[in-house]
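Protein chains in written order, with the working numbering: chain A, 1 to 157; chain B, 1 to 157.
Warning: the hint list may mix true and false statements.
Copies of the same chain are indistinguishable here, so a pair counts whether it falls within one copy or spans any two.
Unchecked claim - Below, in silico cross-link-like pairs of lysine-lysine (DSS-like), each with a Cα-Cα straight-line distance of 27 Å or less:
1. Lys-52 <-> Lys-108
2. Lys-52 <-> Lys-77
3. Lys-58 <-> Lys-116
4. Lys-108 <-> Lys-156
5. Lys-156 <-> Lys-77
6. Lys-34 <-> Lys-116
7. Lys-58 <-> Lys-69
8. Lys-135 <-> Lys-149
9. Lys-77 <-> Lys-149
10. Lys-78 <-> Lys-52
11. Lys-156 <-> Lys-58
12. Lys-108 <-> Lys-69
13. Lys-156 <-> Lys-97
14. Lys-65 <-> Lys-156
15. Lys-97 <-> Lys-58
16. Lys-108 <-> Lys-65
17. Lys-108 <-> Lys-135
18. Lys-52 <-> Lys-116
19. Lys-34 <-> Lys-58
20. Lys-108 <-> Lys-58
21. Lys-97 <-> Lys-116
22. Lys-78 <-> Lys-108
23. Lys-156 <-> Lys-78
24. Lys-116 <-> Lys-65
In case anyone wonders, no lab produced these hints; they're calculated from the structure.
Nothing here was measured: the structure is a model prediction, and the numbers come from that model.
There are 2 protein chains.
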Amino acid sequence: MADEALFQFLHSEIIQYVNSVESGESENGRCVSKLESMGFRVGQGLIERFTKDTPRFKDELDFMKFICKDFWTSVFKKQIDNLRTNHQGIYVLQDNKFRLLSQLSSGKQYLEHAPKFLAFTCGLVRGALSNLGVKSIVTAEVSVMPACKFQVMIQKM
Amino acid sequence: MADEALFQFLHSEIIQYVNSVESGESENGRCVSKLESMGFRVGQGLIERFTKDTPRFKDELDFMKFICKDFWTSVFKKQIDNLRTNHQGIYVLQDNKFRLLSQLSSGKQYLEHAPKFLAFTCGLVRGALSNLGVKSIVTAEVSVMPACKFQVMIQKM
Numbered sequence: 001m002a003d004e005a006l007f008q009f010l011h012s013e014i015i016q017y018v019n020s021v022e023s024g025e026s027e028n029g030r031c032v033s034k035l036e037s038m039g040f041r042v043g044q045g046l047i048e049r050f051t052k053d054t055p056r057f058k059d060e061l062d063f064m065k066f067i068c069k070d071f072w073t074s075v076f077k078k079q080i081d082n083l084r085t086n087h088q089g090i091y092v093l094q095d096n097k098f099r100l101l102s103q104l105s106s107g108k109q110y111l112e113h114a115p116k117f118l119a120f121t122c123g124l125v126r127g128a129l130s131n132l133g134v135k136s137i138v139t140a141e142v143s144v145m146p147a148c149k150f151q152v153m154i155q156k157m
Numbered sequence: 001m002a003d004e005a006l007f008q009f010l011h012s013e014i015i016q017y018v019n020s021v022e023s024g025e026s027e028n029g030r031c032v033s034k035l036e037s038m039g040f041r042v043g044q045g046l047i048e049r050f051t052k053d054t055p056r057f058k059d060e061l062d063f064m065k066f067i068c069k070d071f072w073t074s075v076f077k078k079q080i081d082n083l084r085t086n087h088q089g090i091y092v093l094q095d096n097k098f099r100l101l102s103q104l105s106s107g108k109q110y111l112e113h114a115p116k117f118l119a120f121t122c123g124l125v126r127g128a129l130s131n132l133g134v135k136s137i138v139t140a141e142v143s144v145m146p147a148c149k150f151q152v153m154i155q156k157m
């Protein structure tokens with residue numbers, strides 16, 4: 001419980017700071033991309049630790065299951081609630097109570113701030129997949145807080 | 001173990017980012033003070049969670065023991081190794097293997113970078129004490145990595 005709090009508080013501080021720094025015209029875009037790239041590097045580091053004693057993955061779906069279960073549980077203390085795929089390289093990970101949104105009020109007026117709270121995690125997933133040898137584009141979408149969907153598009157080499 | 005890694009990686013990212021942003025003449029000073037103030041707010045938040053079900057503290061020494069044991073263990077997965085005081089408001093907390101320095105090489109040439117790696121934690125302690133109603137100045141000092149000493153000077157009202 002303490003660890004979660006530490007991560008959540010630190011995550012909020014980062015958002016606040018990056019947001020205050022990356023100001024100007026395209027402010028929101030730059031803030032989001034900065035947070036994403038931080039997440040990317042953290043994701044790369046984490047997946048190395050997590051998979052140290054893991055057997056080899058069979059395939060792409062096997063990776064994704066690992067991300068949804070083990071990886072998500074380590075970072076967010078719960079599994080992804082729903083994983084869907086079109087079997088052509090697109091995966092949708094749904095978290096019905098995403099921890100990093102749960103501090104935000106669920107009012108619609110805060111929806112515009114959601115991207116800042118999701119960017120780090122998009123990067124986290126992209127970084128983890130990247131170290132597993134999978135290039136991807138990860139985006140996130142919120143319709144009703146604190147539920148959200150992460151869409152992973154695998155980039156074929 | 002995963003949680004520790006998450007905190008460590010995130011902490012490194014923050015240092016790197018803040019350091020890249022707060023450049024200029026007094027670069028190091030501003031970077032350190034920014035990190036300290038982030039730590040302060042995180043410390044304030046954490047201590048609220050941690051002390052939710054804790055009995056009231058008897059006195060200043062009782063606070064400090066809580067910081068050295070429970071608080072330190074939650075954040076750094078180990079206790080402070082040694083706590084000393086002059087009984088006049090100065091406390092020295094020694095950690096013989098401080099986690100946030102353990103990634104750094106112990107070579108002397110890196111000693112100059114140590115303040116950046118300690119600032120967040122100085123703030124963390126100051127923030128925690130502040131929410132317990134104790135105003136303090138917290139500084140840190142490294143002689144041989146990864147051992148370090150945090151000095152807490154309680155400010156009498």
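Which hint numbers doesn't this structure obey? The structure conflicts with hints 1, 3, 4, 5, 12, 13, 15, 16, 17, 18, 19, 20, 23, although it agrees with all the remaining ones.
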